[in-house]
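Read left to right, the sequence shown gives residues 446 to 662 (my numbering).
Some hints here could point you the wrong way.
Simulated restraints, written as ranges between beta carbons of each label pair [claimed, not checked]:
1) N476 with D546: 22 to 28 angstroms
2) K518 with V613: 48 to 54 angstroms
3) N494 with S565: 33 to 39 angstroms
4) T525 with A548: 22 to 28 angstroms
5) N505 with E572: 15 to 21 angstroms
6) N515 with Q581: 42 to 48 angstroms
It should be emphasised that the hints constitute simulated quantities derived from the structure, not laboratory data.
Just so it is clear, CB atoms sit at the ideal spot from N, CA and C, and this is done for glycine as well.
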Amino acid sequence: MNKFALGCGVLIAILLFVVVVAAITIGGSYNRLVRLQQAVDQSWAQVQNVYQRRADLIPNLVNTVSGAANFEKSTLVEVTNARASVGRVQMQLDPNKAPADAAQLEQFQAAQGQLSAALSRLLLVSERYPDLKANQNFLSLQAQLEGTENRISVERGNFNQTVQNYNVAVRSFPTNLIAGMLGFPPRPFFTAQPGAEKPPPVQFNFGTPAPAPATTP
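Construct the complete structure from the given sequences, taking the supplied hints into account.
See below:
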């Protein structure tokens, strides 16, 4: 009887030890995933901040450019519509969490890419208007936009790095065995596009004289 009781006690002690080790392991993995997830969300917030800074510059840029005589209004409309499209996409995203759905991030990236292209065309068209080159407000906005595009590139790179760290943890053994149960799916990356490593051109000195805008009869 004493041997049986001793054996039961040993078995119970082993089971308790296994339970404690499992709880510590799961708890440690959970806490690590929470920290990595928070890093992803914080990096996403920085991405949104720099994109919002660009969006905030656009109204002043449009107002300044629209004051130029005979400026192509279709170009301004394109920029305004692209900015509105970005706003609609952002309203569908949780501002406090990075997208867990690759389709959502792709939609966000596509809208921002459309706005980048529209801004690029606007600034290139502005080359044909010498009075804009002498406009100090326009020159200041140009410099701010250039700096913002560089910040966007940096923050997107930081975001992808934090997502990579998180995804490696989520997919590594033995964390991958519990990540799904604990609600930690892999996160999508910003994907590279042709020319995406370079900000939209915002320089105006191309070495050739700019033709004067056509006058309206």
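### Query
Any of the earlier hints contradicted here, and which numbers?
Hints 3 and 6 contradicted; others consistent.
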